[in-house]
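Asker: One-letter residues, chain by chain:
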Amino acid sequence: KAGVTQTPRYLIKTRGQQVTLSCSPISGHRSVSWYQQTPGQGLQFLFEYFSETQRNKGNFPGRFSGRQFSNSRSEMNVSTLELGDSALYLCASSFLAGDGQFFGPGTRLTVL
Amino acid sequence: AQSVTQLDSQVPVFEEAPVELRCNYSSSVSVYLFWYVQYPNQGLQLLLKYLSGSTLVESINGFEAEFNKSQTSFHLRKPSVHISDTAEYFCAVSSNTNAGKSTFGDGTTLTVKP
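Going down the list, the sequences are from chains W and V. Using our numbering, read the first sequence as starting at 1 and increasing by one per residue. Using our numbering, read the second sequence as starting at 1001 and increasing by one per residue.
Hint data in this document are derived by calculation from the structure and do not stem from the laboratory. The C-beta atom is built at its ideal place from N, Cα and C for all residues, glycine as well. Heads up, a few of these hints could be off.
[Unchecked claim] In silico DSSO-like links for lysine-lysine, alpha-carbon gap of 30 Å or less:
hint, chain 1, residue 1, chain 2, residue 2
1, W, Lys57, V, Lys1069
2, W, Lys57, W, Lys1
3, V, Lys1069, V, Lys1049
4, W, Lys57, W, Lys13
5, W, Lys1, V, Lys1069
6, W, Lys57, V, Lys1113
[Claimed, not checked] Beta-carbon label-pair distances, calculated as ranges:
hint, chain 1, residue 1, chain 2, residue 2, range
7, V, Thr1055, W, Arg15, 25 to 35 Å
8, V, His1082, W, Gly84, 11 to 21 Å
9, V, Thr1055, W, Ser70, 37 to 47 Å
10, V, Lys1113, W, Gly16, 44 to 54 Å
11, W, Thr14, V, Ser1026, 14 to 24 Å
12, V, Asp1106, W, Phe95, 24 to 34 Å
[As the list claims (entries may be wrong)] Interface residues of chain W toward chain V, partial, derived using beta-carbon atoms under 8 Å:
hint, residue
13, Thr5
14, Leu43
15, Glu48
16, Thr53
17, Asn56
18, Phe60
19, Gly84
Given these sequences and hints, build the entire structure.
Answerer: See below:
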């Protein structure tokens, strides 16, 4: 099976702009989660989608949003970008709770 | 609520030496435990997991981890490391009813020197 894919791999934006990141999970995986990774804060959970419904949400402001489509592909959107949003955004998919999560390579977002 | 503490941020070792990366966790519910590895400019890869049963779990590349319920620990060990094991290692927990939300430790950078 193909792994988790994320596009684009790199993005450079300026403050105030908005950005959309895309994630395609492993075939058959209905759970898709998003994490933000920064040197200072480590890995922080953003949200999880399961069968097109947001099942969990982390402690991020409303500028961060997401959605999931019927084919399980997911997008996350960040509006009104701030310098502190610069990070590696990781998408992960899973099938069963005990399988663990399978991560994509990430999208590195730089906000100038 | 769940939390994970990785007790060492950096662990330097020489090639062929043994290594232990320490992880403690806290949770009010039953959890699954995981170790992930991240190589530079890549996503995380699942290394091994503990769900139930035998407290010692092994990976295909020689790592093992032991679940200790009384000490709420899940330390990762390898008897002999290679240069290629240089990476960042993350310990994580998730509840057994919620696969999609994992809590990660801050990571341990393992540096294997020749």
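Asker: Please go over all the hints and tell whether each is borne out by the structure.
Answerer: Right, here's what the structure says about each hint:
A C-alpha spacing of about 28 Å is found between Lys57(W) and Lys1069(V), which places the hinted pair at or below 30 Å, so the restraint holds. With a CA separation close to 28 Å, the supplied pair Lys57(W) and Lys1(W) stays within the 30 Å bound. Distance restraint check for Lys1069(V) and Lys1049(V): the Cα-Cα separation of roughly 15 Å lies within the 30 Å cut-off, and the hinted pair is therefore satisfied. Between Lys57(W) and Lys13(W), the direct Cα distance comes to roughly 25 Å. Compliance with the 30 Å bound is thereby established for this hinted pair.
For the given pair, Lys1(W) sits about 35 Å from Lys1069(V) by alpha-carbon distance, which is inconsistent with the 30 Å threshold. Between Lys57(W) and Lys1113(V) the alpha-carbon distance is near 40 Å, which puts this suggested pair outside the 30 Å criterion. Look at Thr1055(V) against Arg15(W): about 50 Å separates their beta carbons, and that is not inside 25 to 35 Å. Between His1082(V) and Gly84(W) the Cβ separation comes to about 37 Å, which falls outside the hinted range of 11 to 21 Å.
Distance hint for Thr1055(V) and Ser70(W): a CB-CB separation of about 41 Å, consistent with the stated range 37 to 47 Å. Look at Lys1113(V) against Gly16(W): about 45 Å separates their beta carbons, and that is inside 44 to 54 Å. Restraint check, Thr14(W) to Ser1026(V): a C-beta distance of roughly 41 Å breaks the suggested window 14 to 24 Å. Distance hint check for Asp1106(V) and Phe95(W): the Cβ-Cβ separation is about 27 Å, which falls inside the suggested range of 24 to 34 Å.
Given the 8 Å rule on beta carbons, the hint for Thr5(W) is violated: about 10 Å separates it from the nearest Cβ of chain V. Interface hint at Leu43(W): satisfied, since its Cβ lies 4 Å from the closest Cβ of chain V, which is below the 8 Å cut-off. For the restraint placing Glu48(W) at the interface with chain V, the shortest Cβ-Cβ distance is roughly 4 Å, inside the 8 Å limit, so the hint holds. The closest approach between the C-beta of Thr53(W) and any C-beta of chain V is roughly 11 Å, which is over the 8 Å cut-off, so the hint fails.
Evaluation of the Asn56(W) hint against chain V yields a held restraint, the C-beta minimum of about 4 Å falling below 8 Å. Proximity of Phe60(W) to chain V is violated relative to the hint, the smallest CB-CB distance being about 13 Å (cut-off 8 Å). Nearest Cβ of chain V to the Cβ of Gly84(W): about 18 Å, over the 8 Å cut. The hint is violated.
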